[in-house]
Amino acid sequence: MIQSFLGTVCAGERTGRTCGDAMKCQQCDNPAVFHITELEAGNVREVHLCEEHARVYLNQSEGGDGGDPGEPGAVEGKGQKGGGLSGPLGVGQTAEDLAILDKRCCDMCGITFFEFRNQGRLGCPHDYLQFEKELDPLIANIHGATEHTGRRPSRPVPAGVDAGSGTDGLTAIIGLRRGMKEAISREDYELAKEARDAIRGIEDAWTPPAKAGEENA
Amino acid sequence: MRLDTLTNSIGEWLRGTGPDSDIVMSSRVRLARNLAQFPFVSRATEQDRADTERVLRGQIAAVPVGRELDYIDVGHLEEIDRRFLVERQLISREHADAQGARGVAIDRLEQVSLMINEEDHLRIQCMHSGLDLHGAWEQIKVVDDQIERAVSYAFHPRWGYLTACPTNVGTGIRVSVMLHLPALVITRQIDKVFRSLHKISLAVRGLYGEGSQAMGDFYQISNQTTLGRTEDELVQQVADVVPVLIDYERRARDFLVRETQQNVHDQVSRAYGILRTAQTISNEETMQLLSRVRMGVLLGLIGDVKLSDINSLLIRTQPAHLQKLRGGDEDSSDDIERARYLRHHFEGGDSPSRATAN
Ligand SMILES: [Zn+2]
Ligand SMILES: [Zn+2]
Numbered sequence: 001m002i003q004s005f006l007g008t009v010c011a012g013e014r015t016g017r018t019c020g021d022a023m024k025c026q027q028c029d030n031p032a033v034f035h036i037t038e039l040e041a042g043n044v045r046e047v048h049l050c051e052e053h054a055r056v057y058l059n060q061s062e063g064g065d066g067g068d069p070g071e072p073g074a075v076e077g078k079g080q081k082g083g084g085l086s087g088p089l090g091v092g093q094t095a096e097d098l099a100i101l102d103k104r105c106c107d108m109c110g111i112t113f114f115e116f117r118n119q120g121r122l123g124c125p126h127d128y129l130q131f132e133k134e135l136d137p138l139i140a141n142i143h144g145a146t147e148h149t150g151r152r153p154s155r156p157v158p159a160g161v162d163a164g165s166g167t168d169g170l171t172a173i174i175g176l177r178r179g180m181k182e183a184i185s186r187e188d189y190e191l192a193k194e195a196r197d198a199i200r201g202i203e204d205a206w207t208p209p210a211k212a213g214e215e216n217a
Numbered sequence: 218m219r220l221d222t223l224t225n226s227i228g229e230w231l232r233g234t235g236p237d238s239d240i241v242m243s244s245r246v247r248l249a250r251n252l253a254q255f256p257f258v259s260r261a262t263e264q265d266r267a268d269t270e271r272v273l274r275g276q277i278a279a280v281p282v283g284r285e286l287d288y289i290d291v292g293h294l295e296e297i298d299r300r301f302l303v304e305r306q307l308i309s310r311e312h313a314d315a316q317g318a319r320g321v322a323i324d325r326l327e328q329v330s331l332m333i334n335e336e337d338h339l340r341i342q343c344m345h346s347g348l349d350l351h352g353a354w355e356q357i358k359v360v361d362d363q364i365e366r367a368v369s370y371a372f373h374p375r376w377g378y379l380t381a382c383p384t385n386v387g388t389g390i391r392v393s394v395m396l397h398l399p400a401l402v403i404t405r406q407i408d409k410v411f412r413s414l415h416k417i418s419l420a421v422r423g424l425y426g427e428g429s430q431a432m433g434d435f436y437q438i439s440n441q442t443t444l445g446r447t448e449d450e451l452v453q454q455v456a457d458v459v460p461v462l463i464d465y466e467r468r469a470r471d472f473l474v475r476e477t478q479q480n481v482h483d484q485v486s487r488a489y490g491i492l493r494t495a496q497t498i499s500n501e502e503t504m505q506l507l508s509r510v511r512m513g514v515l516l517g518l519i520g521d522v523k524l525s526d527i528n529s530l531l532i533r534t535q536p537a538h539l540q541k542l543r544g545g546d547e548d549s550s551d552d553i554e555r556a557r558y559l560r561h562h563f564e565g566g567d568s569p570s571r572a573t574a575n
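Just so you know, the protein sequences line up as chains A and B, in that order. Mapping of the first sequence onto my numbering: residues 1 to 217, in sequence order. Mapping of the second sequence onto my numbering: residues 218 to 575, in sequence order.
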């Protein structure tokens, strides 16, 4: 059976298209909002469809008769990879599962998975952790890798912060800022003040102790 | 303001010098970076964008990146000035068309440009003339390091630098060369070359044109993946393929001269003739003809034209540049103005990199 994944990656520079350009559905003139990457026996192929045609496509794939709009009678995929690949975006998922996944949102910036799928852009750095399971196969597909091996920031994380989470501790400010705004609009000034203090605490912790001027001179 | 001084100069990368500059117009490296404490640009509120711009602008100003930078507030520029910066490749089309607080810091040589609030909070770009990817990479590394001392870039140990689009995650690096490949186009080998590039996962796109449509035989080759390999490896991936493409193009040029000498000479001379005499000419045709003339100069079929002049005309005949160069006289159409500019340039015999402007 074919392994399919819904991605929303803006193919951007990969296809020579400008990132974010409206791409048309391969089956009709509606804008393609589903960018499906097919893995067939190690080959990667992209399918671009509107919402409606994507449902049809996925249901056909589900039925196992290879509903490939491009070339009917799609190639049988060999060796299924491990569980990660049959994750929530696998073909075996029903529309309901997809709908549930779409409603999941980032604790920090509030973007829903649906919004990400539509726009092809993530909302904040925390999304990489929030949607890790979904992004993992997608990123593996794009880059053929899931581990960064390049340069790393030289500045240390603050004392007491788990280095394994990178700068996620600082990104928490995004959620706090959102919470503070909501609290203010509800006139819950107590809560707003707590959020503001928490933000300041994080900012202070992440500001390098060596004040400007040390290296800048 | 400063844009007017730009009008009268040409960018360092257009010099037409540097290794293999007969085929490699320019080498470019860019890095995508985001501040950890703000949402990515597409999700950011107006306030977030303004804050991001303020933080980055302040840090860039305070940081010694090797030379003096000028900051241009793109959010408050008129459309023609934004297009002007796009034509000079100092900002992207997306950046020009975006909304809200955004800007670009550039150095006087137009080698380094730092776009704030493009798709990512910060896009650092470094562009060198000719084939000099390693030089561009060494330069951008210094700039990146300097800024990183002052801000916390969004980073995760496993994913690397976190970007708004997962296609850039990891190193956030895009390494590219702009190549002039007229002989491969004329001999109809270009598609074959591109197919083989795709196989080794390099992206090709036309330059100056919309989307992937190439104009004037200029093509950009770049890496497609950004994760799982080091920056040096990714720079090398592009660097490795360029000599092969240069070799193909040189051989195709040799073939043209050897086998179709008269025909090529004729094509080049006609192109030159049209540029010198046309009364109205589109942007597309100008590109195409300048490309042929450029090849003619390199093949020794046309004397008395400098490579840097052709390179500069490629930019100066773009719509926003023309409009700025001509100033007030806005009654005639772009195509008529373009033809007039070209005639004046070639007939006047003066160097367009200085004289005709203003
Ligand atoms: Zn459709
Ligand atoms: Zn988020």
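Hints are computed from structural coordinates only; laboratory data are not their basis. Given the structure is predicted, the values throughout are model-derived calculations rather than measurements. One or more hints might be untrue.
Said to hold, decoys possible - Here are the simulated SDA-like cross-link-like pairs (lysine to any residue), alpha carbons at most 20 Å apart as the crow flies: (1) K416/B <-> A140/A; (2) K358/B <-> L326/B; (3) K358/B <-> A140/A.
Looking back at the numbered hints, which does the structure fail to meet, lowest number first? 3
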